[in-house]
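Number of protein chains: 2
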Amino acid sequence: MTIALLTDHYELTMLRAALQDGTADRRCVFEVFARRLPTGRRYGVVAGTGRLMDLVRDFRFPEEEVAHLRERGVVDDETAAWLSSYRFRGDIDGYAEGELYFPGSPILTVSGTFAECVILETLVLSVLNHDCAIAAAAARMVTAARGRPVIEMGSRRTHEEAAVASARASYLAGFEYTSNLAAGYRYGIPTAGTAAHAFTLLHDDEPAAFASQVAALGKQTTLLVDTYDISQGIRNAIAVAGPELRAIRLDSGDLSVLAQQSRELLNSLGATDTKIIVSGDLDEHAIAALAAEPVDMYGAGTAVVVGSGAPTAGLVYKLVEVEGRPVVKRSENKATVGGRKTAIRRHKPTGTAIEEIVVSQGVPDHRLGDRLLQHSYVVAGEPVALPTLEESRAHLRACLISIPWEGLKLSAGDPAVPVTVVPAV
Amino acid sequence: MTIALLTDHYELTMLRAALQDGTADRRCVFEVFARRLPTGRRYGVVAGTGRLMDLVRDFRFPEEEVAHLRERGVVDDETAAWLSSYRFRGDIDGYAEGELYFPGSPILTVSGTFAECVILETLVLSVLNHDCAIAAAAARMVTAARGRPVIEMGSRRTHEEAAVASARASYLAGFEYTSNLAAGYRYGIPTAGTAAHAFTLLHDDEPAAFASQVAALGKQTTLLVDTYDISQGIRNAIAVAGPELRAIRLDSGDLSVLAQQSRELLNSLGATDTKIIVSGDLDEHAIAALAAEPVDMYGAGTAVVVGSGAPTAGLVYKLVEVEGRPVVKRSENKATVGGRKTAIRRHKPTGTAIEEIVVSQGVPDHRLGDRLLQHSYVVAGEPVALPTLEESRAHLRACLISIPWEGLKLSAGDPAVPVTVVPAV
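As they're listed, the protein sequences go chains A and B. With our numbering applied, the first sequence covers 425 to 849. With our numbering applied, the second sequence covers 425 to 849.
Check each hint, because a few of them may be wrong.
Any copy will do: because identical chains look the same in the list, a pair fits if it lies in one copy or spans two.
Straight-line Cα separation of at most 27 angstroms, BS3-like style, residue types lysine-lysine; simulated pairs [unchecked claim]:
| id | residue 1 | residue 2 |
| --- | --- | --- |
| 1 | Lys699 | Lys643 |
| 2 | Lys643 | Lys833 |
| 3 | Lys833 | Lys772 |
| 4 | Lys699 | Lys753 |
| 5 | Lys643 | Lys753 |
| 6 | Lys643 | Lys772 |
| 7 | Lys753 | Lys833 |
| 8 | Lys772 | Lys753 |
| 9 | Lys699 | Lys772 |
Quick caveat, the hints were computed from the structure, so don't treat them as lab data. Keep in mind it's a predicted model, so treat the numbers as computed, not measured.
Please build the complete structure, drawing on both the sequences and the hints.
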């Protein structure tokens, strides 16, 4: 619960001072963007906006929480009264979930009074910084897997609720399954999983464990064969389940060598249709390195839930316009441009994206092949119906096809699509 | 809610097979430990156990969630019935929150039937892997700060609920404040914060913003002086608030140079008691580099909530004993030892820790200066009263004093205290 307290203290002290001095009602525009991509990345992936809109809709200050803030001296009586009647009545526009972004892309724009917008800062950034980081890492893994399915199994390596959001973000990015049951329950994402080493260790021997699993789950299951000796594990698996066994899983060792040996052994046992699933500290580079091996599915855990080296997207939430006037912090990078932005992505006739044009307080020239990147999320406080997670997933797939091919390389390089930000005239 | 679904699919398929084959009731012991510390680290910090015990107490499968699992085919009728009546009735023992750990330390031991223990795996690991990672990073920052207070302000850079847990873990590690209001509400942690650049930009000019803030919050506030020109910002701050101003904050630029210049300017304006707070991408190394500068408080954000290079603690939950018999996955590191462990830490008469002794299925010789490291968390399903967060915080402070001095170095090195694991006879 406590959605409204997922907020930084300073937002309420700013609110308090602004209510007192009369600036709280000034019309403001806040913008979410990244100054740069994480080291080595060529694109970012917008993720979490669907989750965020549910949270914004429910962002209210219950009586008990207001009383707590009042007692602790965080707010005074006037601010407490204001919070008690708060709901967001402004507008939110932004890039679609599953859209790509680059440095300077205005991925979310929140407009309304200063007061109603400023107190959403932390929630907006927490959701987007987390989910975008996971989705970008996951998208690279999907590219590296070259069409082979990937299952997300990293829940245990991240905060228990971040795990659910990670499952959602990696499914958006093209993963096929998650191990996380809450993600299945909340978002309808397909879940998968069969057994851990503990299940084998629990039994008197490996054949007993395999027999039990097959009896309970059928031959369309995956047997984990590396608890003791892998070759013997595979022989035991086929002896118990027969060549109709759906899959074996390898979770340790040199997966490249083991996948080859396992394939040969399975084939020699007649189990030519039995799949090989590999897991164990796989990131996009490890997945890419297994491209030539007889692997049928990848399990990715730690690397995806920690963003594979970039655990946060580095997005910021900046005030860019007050009462129609562009504002900008002067000590920043000179390139920062104030004002509400409108963004389009320009494409070649072939469909390849070539440039993103972001115009402050205006609208870019619209040519054939241009695509408007911003959509309404909330209008005058009312949520707009959003695409489904499946639709967002398809959108990302299409976006990744649209960027120049070198944008999909795993190596470090420039952003796949350059962004030109045009200041207000 | 949905605590019980913060679980991996395979835990329920293992449960299903074990219920069917009769092994579900075998008495088991699962152990949480780290095979290694993150690169560069000399100790780990146990954090999150208090939070975990609340979740374990409430770990139940509501009817609607069981129905969902049944419909999706994750469980059969027998397993569904078992889940509906589930509550943990076993024992949990472990290291105190705030205790240090090293590779091989059995930081948590969960005992009971296979069925009741196996389904806690993901929840246990999610909480501990996250909170331990944050606490370890935060503890290094506190060491680097050499007694100067540190405020945690990283909520926006991590998942919204991970933010609350991060605030708790960094307070445990010795931070003085957090920006996160939910952490104040749930855990009683002191919160702090005053204003962002947006507050200055909202106003017609900087003096107007400062005057508003001082009018609302008094002179015991912190003015953010780097929105435009820092020197002018400091002059404006003192002109508005007088030399009684509590503090200024610098959030950008070369903090080393700026802190010196700001101190000189403040002194020249008679504001010799006005503090200087610095923030902006500070990690333990950046904090250490500011040791000689006139800085009074540090704000740490991104680095602490992403574990400063180690976003997950790498803890595992392994079955180590079945019906009194030690078990171990053979293909692992030979050093892995099965069986329930008992751990002590041995100290010199001066109080310095010199060794941790971990004995499988036995009790270490107890000498003068030895300290038993494990305590009861849950006995036969009943939670044991835990230390308060303040007590755990004091415990960590004492533990950090007890390790050899080189254990506190920020550079890479061996674990501060060696662990000897003695197999069962």
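Can you list which hints this structure breaks, lowest number first?
When the structure is compared with the hints, numbers 2, 6, 7, 8 and 9 turn out to be violated.
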